[in-house]
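Residue numbers (the working numbering), protein chains in the order written: chain E, 1 to 317; chain F, 1 to 309; chain A, 1 to 319.
Honestly, the hints are just simulated from the structure, not real lab data.
Don't take every hint at face value.
[Said to hold, decoys possible] To give an idea of the chain F side of the interface with chain A (calculated C-beta under 7 Å), a few residues:
| id | residue |
| --- | --- |
| 1 | Ser-10 |
| 2 | Gly-36 |
| 3 | Asp-65 |
| 4 | Asp-100 |
| 5 | Val-258 |
| 6 | Val-295 |
Predicted model, so just to flag it, every value in this text is computed and none were measured.
Ideal Cβ placement from N, Cα and C applies to all residues, glycine included.
So the chains spell out like this:
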Amino acid sequence: MKAATGKGSVASQAPQPDFSASSLAIDRRRADTAGVPAVEIRHLVKDFKTSLKRQPLRAVDDVSITIEAGEVYGLIGPNGSGKSTTMKALLGLVVPTSGTCSIFGKDSLKVDSREDVGFLPENPYFYKHLTGAETLEFYGKLCGLRGVVLKDRVSELLALVDLEGARDRRIAGYSKGMLQRIGLAQALVQEPRLVILDEPTAGVDPLGSRQIRDLILKLRDRGITVFLCSHLLEQVQEVCDQVGIIFKGKIVKSGRLQDLIAIEDQTEIILKDAPPELVAEIEALVKRSGSAEWLRSGKPRTTLERLFLRETSGDES
Amino acid sequence: MTARKSIPFSRVRRVAVIAGHAFTQLVRMKVFYFLGFFAVIGIASNFFNLPQQSGPEALGDNGMDLLRLIKSWSLGPMTLFSVVMGIVSTALLLPKDVEDRTLYTILAKPVPRLDYLAGKLLGVLLLLFVSLALMDLLMVIMLQVRLSIVLEVQASLGQSRGWDAAAIESLKQDTLAQGPTWALQGAVAAVFIRSAIMAAIALLISTFSSSTLFTTVVSFLIYFIGHFQADARDFYFEGGEAGTSAASRYLAMSVSLVFPDFQLFNVIDAVIQGKTMELVQFVKLALAGLYYVAVYTIASWFVFSDKEF
Amino acid sequence: MKAYRKHVILALGLLAAGGLRMSWEAPLTREFRSDGLLAKPVATGTREKIGQTSAAVALGGLRTLVATFLNLKAFSHFEAREWGELAETYDLIVDLAPNTPYYWTTGGWHLAYNSASDSLTRTDLPALRRREAWRDSICRGRAFYERGARLNPGEPSINAELGTLLSNPNKLVDFPAAAAAYKAAADTGKALPYVRRRECLALARIPGRENEALEMARQLYADPHNRIPVLCCVLFAMECRADPSKNPMKLAISIFGDARSAHDQLGDYWVRVRERFPLDGVASALKNLEVILLVPTDESVFNRSLQPKENPDDWFRGR
């Protein structure tokens, strides 16, 4: 994170915490809410009325999710399983039929719960007539930022999402990936401690989705809690600490990612530049031990995504 | 949350930000092209003479008619523009935000929904105000130019006919009353107030309607019925003695309770005819407008406060 | 909150707000009406009311604009002598712009004068039908003026035009109605002085109201601006009628200032027979004036040809 060096950067002067002092502010907020989970959804139920006669449609059925501060949580599930509705309930965009949602201990139905959250909706679409910088300025002003603080914040966010080159271009000319990134920057404008991302990589090419993935990891490094939902499992696997699987409105499985996907009775050894004799020797060693079973050996395959990324960007990952 | 405690003006500023944004959004929709149309009409009214109305007499005795013509030709498009813009742009802004999901990003910020609604409405009102002010300026300039010509011709005509000073002066006073007066400014303000009421009504409807078309059509219907509200009210109050049916009286009563009274704004026509609107009367009209706008805005907020998207 | 409960609360809230404003809305309307800012509810038919309001709202503010263009269209109907279309167009125009006197006076003029005169030239019609068309046109013009005058109570020009029509010897003369129309116009306080004078001239020609006319003529005469020939002549005739014992010549000289102008003006007055002005004492005064002014017999007023005495009714006889 780059520190701003603007004049108005003394915390006591500016009405909002300025950028250089913001980590301090986050620390203070953290102290206020120590031990309070970033997200707490309790027994959330949401029915939608379809028509007068028919039974209401239950989109979310008794969902409970707790996300501790600093975690990256991935909610995965097929389309129409209630992911977006859960997020909207958390943001107060829909009213729960029963149950409660809170962000850092504040009821989602209250406006002040949204002071600490940034939201990137699915397929975001911003005001076409604004440039990237103007868009961020608009959202920054909505959050009470202004003057030098706002200017610095906008530049910093544009740098963060790698859109400095498109700073003064109209949003109308942005590609899908750029829209997604400006959306992410918008979500971060007031330095929220929680970011909610609804399908952040839907419809974005692998290169763009890699950039977004890296951004999420950057956020995690900064200690920002991330709540994302996706139906692209591989992505979730790459970034999330915790996952929940939602199906037909119910959470069917949740927990630490490593715990969930580890195959408990198997162990993986990956070697580099190993001569075939060494492999044969190890295989013999395993057979001799009697307690373990040699399942297979061979070359691990890169994913198609990685291949694509390597070929298009020279980036080897 | 001491670090983010709102300072007293932050709410006002937030509404101003949304209003300013809605204003630029509308401006970029090229609504100001209408001003060009208005200028053409205005200038045409200056050169256009009615048949049988040529020669110096047209400027002398009928000069007042010409001034009236300029006024009504100017205030007419002002009314049309402001009411149509007030309704259509309000009806457009809200559904557009929902459709583009920009509403999500705004409401996901610490923005109270009332601030959002008030901001959008104020943005529309700002647009109406600015465009009416520009049209007003154009009208006053044309009126002033024409007035000085008429006065000049009148004075020479009066002298050639041997009128005494008192007669010339009285005609001059009558003519001046047809020129750019404060009452005329009041009429322009009344045009603004009426369109503000319509914008607030369109806002209310768009909070529960699902399409721009529906909002627009219903708003225009309300605008139409609003012009008969006073008649319905009179009918309700006076119909009792006339022995009209109870059903029609209740219908009249509900019309007069729900719809705003747009006949009040016919004072604009009186001003075009050269009547004077006193400041007190204007203030009363403005307060009436404020009441309507406030009621419909609060009702919009009531509907919008727990609306789901 | 349950949706239906919310709607009920909203409806009740709007009704309550409506009830609250009732307490000031109706009085405000009354106040504006009494200050002349809003039109007083005139006894127009419901159809006319709805027509006007609908047109006003439907065309937005552009109704005066549309009225102006319809007025142009009406003018081309006038040039093409399409009187039916012309009348229809004017009905529409005044629905759009009921408060612009110009349209009322112009529409009435087209009907009562242009259309009526045109029917005189309709040689394809038998005399009786021509007469009927002529009468009908004038009556429609008169009705149009009357409607406009009723809708624009504070506006003198329409009533003034109506009075002019009703006292025109070439039309259907109705002096009592003409006097009433002129009076209504003059009472607005905005009419030019000639309107009051013409009221007096109309009164003078209504049997039984001569005293009223005399009183008015005296008052008008007191202001030198009003001393136009015809008013002085009427004042003279009314004075002679009220008191036949007066010496007409002396009276004439005192009214007109000197014998020469008394002779000239009364002479011109004497030949205007078709206008049915009172002629009491005029002949006697003229005779005496001619004696003292030494007017040669062949230049005597009494040898001048009078206005043709025919009535409009005569125009249709035997043609």
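Hints, verified against the model:
| no. | hint | in the structure |
| --- | --- | --- |
| 1 | Ser-10 | violated, 29 Å |
| 2 | Gly-36 | violated, 16 Å |
| 3 | Asp-65 | holds, 6 Å |
| 4 | Asp-100 | violated, 26 Å |
| 5 | Val-258 | holds, 6 Å |
| 6 | Val-295 | holds, 4 Å |
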